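Enquirer: Based on the sequences and whatever the hints tell you, model everything.
So the sequence lines, in the order shown, correspond to chains B, A and H.
Under our numbering, the first residue of the first sequence carries the number 1, and numbering increases by one thereafter.
Under our numbering, the first residue of the second sequence carries the number 1001, and numbering increases by one thereafter.
Under our numbering, the first residue of the third sequence carries the number 2001, and numbering increases by one thereafter.
Please note that a few of the clues may not be correct.
The list that follows gives simulated cross-link-like pairs (lysine to any residue, SDA-like), each with its CA atoms no further than 20 Å apart [stated by the list, open to error]:
#1 A/Lys1368 x A/Gly1104
#2 A/Lys1380 x H/Arg2117
#3 A/Lys1380 x H/Lys2449
#4 H/Lys2317 x H/Arg2117
#5 H/Lys2119 x A/Ala1391
#6 B/Lys114 x A/Ser1040
#7 B/Lys114 x A/Ile1030
#8 H/Lys2119 x A/Ser1385
#9 A/Lys1039 x B/Gly115
#10 H/Lys2119 x A/Asp1453
#11 B/Lys114 x A/Glu1109
#12 B/Lys114 x A/Ser1385
#13 A/Lys1380 x H/Lys2317
#14 B/Lys114 x A/Asp1037
#15 A/Lys1039 x A/Thr1463
#16 B/Lys114 x A/Ile1105
#17 H/Lys2317 x H/Tyr2445
#18 B/Lys114 x B/Phe69
#19 H/Lys2449 x H/Ala2390
#20 H/Lys2119 x A/Arg1384
Just so you know, the hints here were simulated from the structure itself, not pulled from any lab data.
Just so it is clear, the structure is predicted and the values come from calculations on it, not from any experiment.
Spelled out from the first residue to the last, the chains are:
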Amino acid sequence: MPTFDEFAPIGALLILSVVMVALITIISRLFGPYRPSLRKTAPYESGMKPIGPAVRRFPVRFYLIAVLFILFDIEVVFMLPWAVVFRQLGLFALIEMVIFIAILLVGYFYAWRKGALEWE
Amino acid sequence: MQLPSLSELNLGLTVPALSLALWACILLVIDLFIPRDRKSVTAWLAAGGVVFAFIANLLVYRDPGVAFMGLFVADEFAGFLNIVVLLTAFIAILMSVDYLKRTGIERGEYYVLLLMTTSGIMFMNSANDLAVVFIALELLSIPLYVLAAFRAPEERSEEAGLKYFILGAFASAFFVFGAALIYGATGSSSLPVIVDAVGRALAGEGSSLLLLLMGSGLILAGLGFKVAVVPFHMWTPDVYEGAPTPVTAFMSVGAKVGGFAALLRILLVALPALTVAEGDAVAGWQTATWVVAALTLILGNIVAISQTNIKRLLAYSSIAHAGYVLMAVAAAGTPGVSDQATRAALIYLMAYMFTNLGAFAVAMAIEKDDGSGTSLDDFKGLGRSRPLLAAIMAVFMLSLTGIPLTAGFVGKWVVFQATIEAGLYTLAVIGVLTSVISAFYYVRVIVNMFLEDGEGDPAAAATPYVQWAIYLTFAGTLVLGIIPSLVTNLSGPVALAVASLVP
Amino acid sequence: MEATGLSLVTVVLFLPLIGFAIMLFMNERTQAGAIRWTALGFSVLTFLLSLGLWALYNPDDPGLQLVQRINWLPDYGISYYVGVDGLSLLLVILTTFIMPVAILASFRSHIFEERGREKLYYLFMMLLEWAMIGVFVVQDLVIFYVFWEVTLVPMYFLIGIWGAEQRIYAAVKFFLYTMAGSILMLLAILYVGINAGTFALPEIIAAIQTGALSFPFDGLFSTQGLLFLGFLIAFAIKVPIWPLHSWLPDAHVQAPTAGSIILAGVLLKMGTYGIVRFCLPLFPEASVAWAPTIATLGVIGIIYGAWVSYAQRDMKKLVAYSSVSHLGFVVVGIFALNAAGIEGGILQMVNHGVSTGGLFLIVGMLYERRHTKAMEAFGGVWKALPLFGAVSLVIVLSSMGLPGLNSFVGEFTILMGTLGSNILGFVFALFATLGVILAAVYMLYFYQKVYMGELDKEEIRNLEPLHWSEKAALVPVLIAIFLIGLQPAPFFRSMDASVDALVRHVDESVPEVVVGNLQMPE
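Expert: So this is what it looks like as structure tokens:
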């Protein structure tokens, strides 16, 4: 029966991380020199002058491409752990992965035929 | 880790649900090569997949077992609900063919999404593990979000899709959180394992009782969203009104079947022994379902009275009918009645499926191409201009009211019987009183059709496939009402039991 | 008791449905006449066969006869179980008798000129006949409920489509009112059936008699008292017992003539029949305990109905309220809980069906000619149509309870039963008698206003003579009035054994209260 005790290390980590972040910020603020100037507070501290507003319109195609990228990128997240333990899992895992890839391929093919991959 | 061999997976039992999902993937590709003006081919291919799954389901129906190492159960419970769902999908396809064409939204993806959500519901019926329930829930929901918005860029349809998506995502989150809490309390997500763990947890220190109660409460809330019971019903009228009518019809039955299947299985297989105080005879969730059922019946029926749009009216009526099914769920909390109450819920769902789909089909038949023509005033004079259609609609309305010789009566009958047997007399009285209230608004449709004279143009004739859908549901409504033994025999062996790994 | 062969009861029950099926395939435009005649033919045939029921019926056997039983839903203990006994035989015949009269009354009705849809009308008539016969012959609680609810639907449409100006209001009120009552009965039925393990009424009563089944009773609102009320409220709305009567005047006034005839003739009887058939044998202790209360409501109904009738200027309303009064008699008779009271009650159900059916018939004929139901519009009808006037007089006198005519026999027996009852007694009889006197007042007032007086109205002078179909409708009513009035013995004989068994059952179940067991006066 899992109890809350087992989660104690996680809780400790959580608290520690919050404390660390707070400490660093506060200490550097207290002890570091702070002399702001116009250049230093600009968005690009390196000296570049910003041109135009920060929020700009993108062509909607970028979003489509981005979505497709995320979709097909996810498969790698699944494949990586699969590849690591592939030898222990054997044939069964191979079949599973083939099915997985096949489903992705259907989606890929669909996107292709529908013209989602073409820019114009 | 020992992985199973292929034969241990028992894949044969999963053929009905899996074949449909697989066919949906294949159809998605096939559809790419079907020219734009001949999309009805996709519809018939989809219908063929449904028929195949139906036959496969009948074959495994009498031969229950578990598959996927206990994650998936094929028992009579699932088999019966699969029949309901596949009939729903088939009728929905019949309703869609002409509707999509005349409203100008004919695209092949529609049928693919329909098949996917159908297979999601079928997985839901068979899920024996909280994780599988969740995956099935998503497979059920996501295509439905898209389908609800299928009439985009029309505003109401987009609104329906977005609303359904956001609230549905909330519901899923509730469900996952509830499942996580139960996992936390019992250490397993498998329903048959949970039941033992619950027993042990209750026998020992009661430290995890709170987790279990919160978990089951959240699961009830999450699934309550799907089946639209008060107070989780807010999305229903807007979504039902905005979505394309065949989608609404499918949603009003299919999503409920899936939701109730998971609810019944989780409550009865995993949590039957979950009692609030030690020595309680009835399950702890009975009170919660009791209250929700009563609220649903009262609110659904009363708000339906003031509706002027047939789709909204049917939406509220579908909320009310979820309340009747939930009556059976509440009754199932009393040990000894649970099998009977489960059967009652299933019979009710089947009766409701025929009647409600039929009512939507008629509503669709008189709907105009631009989506107007769904107000109750549009039914005026229908008894004169389209007597047969009006007569059939009258039967559907009487069935929804629960007048004898229709399916609705049989459904109410078995549910009330289970409720009384469980000793929930107050709930039974609320049930019958709200039935009287419901008579008021159903009868008003009949009044409009037969007793009022219409103005404006008479409704156009129903297109052939819609007619077939109407006749099919009409026949189902009457046959179930006159010869109920057909269905009660079918549901005879249904009983939710712990399906273990051992075959 | 078990029988598998085809019973005549089943034939009588399903004959109207066969007529329904045949008419379904007729063409409304080209075969209007054929539809009418098919409806009439089937209803007459049903009547003749139901007389066959009486011929086959053995009056010495108190139990069910001509039984047929088929399993319908074995898992739930529900079966198609029909048969007749002394309580239901006369009412089945009343139903089959009223139907041809009602159909004949519709032959020349103006409603089809205004609303059309003649075929649908006769289809509903056949459906209604089927459902009403079903209510009287079925012995299974669930199937009884099925038929009980199904009668609502055709009647709702008859009022709603072919009724007068306020028809929709009246139809919806009728539907909701009666459904609200009966749905509570559904719960009571379920409770009884679940505890008994079967829904077959004779088996449940047998279980009560042997003591295998009992509903705990200690006070008016104990389990049995509530179950009794669950049934009674459904029946009381249908009867209607004061103060649940408010749907009745609306329904009667708005319904077409045939609808009113059937409503008064048969549908109201379903309520009183239900009390005798279900309330008394299933819940004897509760029946005895509640009897004074219900009978008091009955007496109030008698006087209230008569009083309000007298105040009406609308002929149909007058007859409608007189129904409340007459049915009050029946209720008082039943709750006298002795043989005379119950037999008088059942016979009075038949009498009221014939007399009030007849009254609605003549009111309908007057309405067809003048298109108004106000009494002021008439006067001197006797002089214009002497034969019609004479026939109307007989019906009016019958409704008043003139000796030698049918109602007298029923009312007299009820009063005998009330006087001899240990539960009700003298005061109830006194007030009930007051009702008879009031009935004479409003009925004669009606007759005098409409038929007597000078022939000073042009329209009355030119009243159209009776059509043959109208004459044909009146003749059987007259025959029944005289037959029951002059030869009541065979009617009582058919009930004796069954009613005796019922009274004895109630008597034995309630040993503390000695129910008066006055035998029938021969």
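Enquirer: Each of the hints needs a verdict: does it hold here or not?
Expert: To see whether the hints hold, each was checked on the structure:
| no. | hint | result |
| --- | --- | --- |
| 1 | A/Lys1368 x A/Gly1104 | holds (12 Å) |
| 2 | A/Lys1380 x H/Arg2117 | holds (16 Å) |
| 3 | A/Lys1380 x H/Lys2449 | violated (42 Å) |
| 4 | H/Lys2317 x H/Arg2117 | violated (27 Å) |
| 5 | H/Lys2119 x A/Ala1391 | holds (14 Å) |
| 6 | B/Lys114 x A/Ser1040 | holds (19 Å) |
| 7 | B/Lys114 x A/Ile1030 | holds (13 Å) |
| 8 | H/Lys2119 x A/Ser1385 | holds (16 Å) |
| 9 | A/Lys1039 x B/Gly115 | holds (19 Å) |
| 10 | H/Lys2119 x A/Asp1453 | holds (19 Å) |
| 11 | B/Lys114 x A/Glu1109 | holds (11 Å) |
| 12 | B/Lys114 x A/Ser1385 | violated (45 Å) |
| 13 | A/Lys1380 x H/Lys2317 | violated (30 Å) |
| 14 | B/Lys114 x A/Asp1037 | holds (16 Å) |
| 15 | A/Lys1039 x A/Thr1463 | holds (17 Å) |
| 16 | B/Lys114 x A/Ile1105 | holds (17 Å) |
| 17 | H/Lys2317 x H/Tyr2445 | holds (14 Å) |
| 18 | B/Lys114 x B/Phe69 | holds (16 Å) |
| 19 | H/Lys2449 x H/Ala2390 | holds (15 Å) |
| 20 | H/Lys2119 x A/Arg1384 | holds (13 Å) |
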